[in-house]
Amino acid sequence: MSMKRIMAMASAAIILSVALTGCSGDKKDASSSIVVGIPQDLEDSLDPHEAVAAGTKEILFNIYEGLLKPDETGNLNPAVAEDYSVSEDGLTYSFTIRDGITFQNGKKVTPEDVKYSIEKSAGMMGSPSLIPAFSNISEVVIRDDRTVDIVLASPDIDFPAYIASIPASIIPAESANDASKLCGTGPYKFVSRSPQENIILKKYDGYWGTPANIENITLKIIPNADSIVMNLNGGAVDMFARLTATQTQQLSDKFNVLEGEMNLVQAVYLNHAVKPFDNVDVCRALSYAVDVDNILELTSDGKGYPVGSSMFPAFKKYYVDLSDTYPTDREKAKELLASAGYPDGFSFSITVPSNYQPHVEAAQVVSQQLKEIGVNAEIKLVEWNTWLSDVYAGRNYEATLIGVDASSLTATAMLDRFVSDADNNFTNYSNAEYDELFKSLYQAPTEESRIEIYKELQKNLADNAANIYIQDMTEFVALSDKYEGYVYYPMYVQDFAKLKIKEQ
Amino acid sequence: MEKFLFRFRKNPELYIGAAISAVMMLIIIAGVLFSPYDPDSMDAASKFASPSLKHLLGCDNFGRDLFSRLTLGGATTLLIAFFTVLIGITVGTLVGAFTGYYGGAVDEVLMRFNDAVLAFPSILLALVFISVFGSGTWKVIISLGIVFVPSFARIVRSEFMRCKNLDYVRSARLMGAKDIRIMFVHIFPNTVPVVLSSAVIGFNNAVLAEAGMSFLGIGVQPPASSLGRMLSDAQAFLFSEPGYAVFTGVTIALMVLGFSLLGDGLKKNA
Chain G
1 MSMKRIMAMA
11 SAAIILSVAL
21 TGCSGDKKDA
31 SSSIVVGIPQ
41 DLEDSLDPHE
51 AVAAGTKEIL
61 FNIYEGLLKP
71 DETGNLNPAV
81 AEDYSVSEDG
91 LTYSFTIRDG
101 ITFQNGKKVT
111 PEDVKYSIEK
121 SAGMMGSPSL
131 IPAFSNISEV
141 VIRDDRTVDI
151 VLASPDIDFP
161 AYIASIPASI
171 IPAESANDAS
181 KLCGTGPYKF
191 VSRSPQENII
201 LKKYDGYWGT
211 PANIENITLK
221 IIPNADSIVM
231 NLNGGAVDMF
241 ARLTATQTQQ
251 LSDKFNVLEG
261 EMNLVQAVYL
271 NHAVKPFDNV
281 DVCRALSYAV
291 DVDNILELTS
301 DGKGYPVGSS
311 MFPAFKKYYV
321 DLSDTYPTDR
331 EKAKELLASA
341 GYPDGFSFSI
351 TVPSNYQPHV
361 EAAQVVSQQL
371 KEIGVNAEIK
381 LVEWNTWLSD
391 VYAGRNYEAT
401 LIGVDASSLT
411 ATAMLDRFVS
421 DADNNFTNYS
431 NAEYDELFKS
441 LYQAPTEESR
451 IEIYKELQKN
461 LADNAANIYI
471 QDMTEFVALS
481 DKYEGYVYYP
491 MYVQDFAKLK
501 IKEQ
Chain P
1001 MEKFLFRFRK
1011 NPELYIGAAI
1021 SAVMMLIIIA
1031 GVLFSPYDPD
1041 SMDAASKFAS
1051 PSLKHLLGCD
1061 NFGRDLFSRL
1071 TLGGATTLLI
1081 AFFTVLIGIT
1091 VGTLVGAFTG
1101 YYGGAVDEVL
1111 MRFNDAVLAF
1121 PSILLALVFI
1131 SVFGSGTWKV
1141 IISLGIVFVP
1151 SFARIVRSEF
1161 MRCKNLDYVR
1171 SARLMGAKDI
1181 RIMFVHIFPN
1191 TVPVVLSSAV
1201 IGFNNAVLAE
1211 AGMSFLGIGV
1221 QPPASSLGRM
1231 LSDAQAFLFS
1241 EPGYAVFTGV
1251 TIALMVLGFS
1261 LLGDGLKKNA
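Order-wise, the sequence lines are chains G and P. Note that the numbering used here has the first sequence beginning at 1, numbered continuously upward. Note that the numbering used here has the second sequence beginning at 1001, numbered continuously upward.
Note that these hints are calculated values from the structure, not bench results. Just to be clear, a hint being listed does not mean it is correct.
Said to hold, decoys possible - Label pairs and their computed distance ranges (CB to CB):
{"id": "1", "chain 1": "G", "residue 1": "G126", "chain 2": "P", "residue 2": "L1094", "range": "58 to 68 angstroms"}
{"id": "2", "chain 1": "P", "residue 1": "L1026", "chain 2": "G", "residue 2": "D423", "range": "54 to 64 angstroms"}
{"id": "3", "chain 1": "P", "residue 1": "L1053", "chain 2": "G", "residue 2": "D321", "range": "42 to 52 angstroms"}
Each residue gets a CB set at the ideal place from its N, CA and C atoms; glycine is no exception.
Put together the whole structure using the sequences plus the hints.
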């Protein structure tokens, strides 16, 4: 990681943490509170237009909202916008701003704020866009004091889903030159951040929708996976999402363990710019050698949903089950390796962020399984920051075991990162056929034809063994029996507003 | 027999330490050579199997045989400790010999540098080296080796300073022996008892340092096993499967106890 980048991240974090306090300012009320453990600090950014880490976005979901907002069933409901309409050619989306909606600093949301936010997240302000599909926006027009039109260059039925994603959140226009003015319209507002220690959120009383139940939320950062159980059992933390099966078995009976789907694709992501992963036979050999059922048995007591491509089962409309593309066949794997010119196997390293215990455990099993075909996979444990800068941003790695989620409720969000020139193509996947297919999405006339293309894209990834696909993990959530109301979403978010204290 | 009892009473540490160390070494060597299980092979069916005749100490969270892993982990840890001490003694003896024998400016410069290294807590210094070199078995050895040099250098230097003006050295010099010959043929053998006892204590420290670093996740990387790494893995199951952590902890404790008694005994004899 370059020094400049560290400095930039550090200063951004300091400015934001000092600044965002400006949004709050009323006295503390300890009437009800909960301590939620999270595995990493929100280091990448607290600006919804810049945050890339799933672990950051799932928290920002409580602070910021877009014009629309997804609910737990995957529907897109109006949020900052009260209503919207689409022109007949599918090019103009007209949003009516909710009457009386305010930012957490008490100011009314104006059409200027909406225009600013959409243009910023579309990359029209110079900063890079996290939503590639927003390059399709040709202009944002303020029609009157409550209506904003977003005009597209070509129709895109996924557009409402992008509008509902966290990187398209609405923030005050005045935050452009003054980061201290940054705040959202969500049910919780940001109070403070102590780096590597905690983040404090407080209920926003002026929230337009169903108000949150719990007044204060402390997000306690527990980067050491080994101490999570101790923190829970010791009473320091009331809730922790995404535990491993073994961790849940050690919890005291003061906790309820909930099970759901994580909605991500856990895989060994291969860097195709690095030898030998530029050779499709090598990738296929590795996929044949890895026994997903065995991984599930060893790491999660068999719980989990095997996947065969970059799509998780909750996206029912688009999902095609490809988990049987590479049944475990070590003989075939060896043949493929030999034909690719590696009869004696080869060595590579799997970089794994050490704070994600499920990935660390899965990596150990994968490494052991690959040994059987003579491939020596060394595990390199790194800090989460190092992973973000070296692997995700720097693409300086050979393979990494991680879970990739969807940043918006669209199939595109899972698949656009494999287009060869995509900004977020951290695996350096480059396949002309895939690029062609992806481009044809924008010309597809009907939803059915689009779904067909999505399925083709998934098959392309599976056929070319783009990555060693493992599973959509089971999400175990430990929640103290004093609380209830944890809600699973079909995307990687945590909704704190629905948590409440159990009636005794 | 009486003679032995007399010696034993005079220096029980030496014998108890030697016995514990010897038994541990034997078990580790026998385990690595003759273990019926591949220490890395995973088996979902025997996940957390309890100790039995099939698996002497039971199995870990991946169904790997704990005894095989402990012997392999012990061997890795011993290997790291051995090479760490080897680097420390070799470099430390050279530095100590030259600075102690010649004194003067070289002594001043090297010893101040030595003091600077000693001024940092050793594990912290090793962490810095690890962050520069990266983690992994051989990198741990190099990092710890560098950290261990100064203490040996000091010990050897003080021995050389004491010996260089003794009569036998003077007469050797009068007979025209070269400096190098005096240093390593005449003086060095006299420092061996002191160096040996500090080597054993150093060995001990190296075992603990490796365990500490691997426990923190910066030493030996999975799936390779070392005692520290295993203890760190076992920590997650401390309450549900205490056997894993207890067996690993006892292994480290016995190893350290054996070597530290041995070191004390050697010191007494020296």
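| query | Which hint numbers doesn't this structure obey? | reply | none
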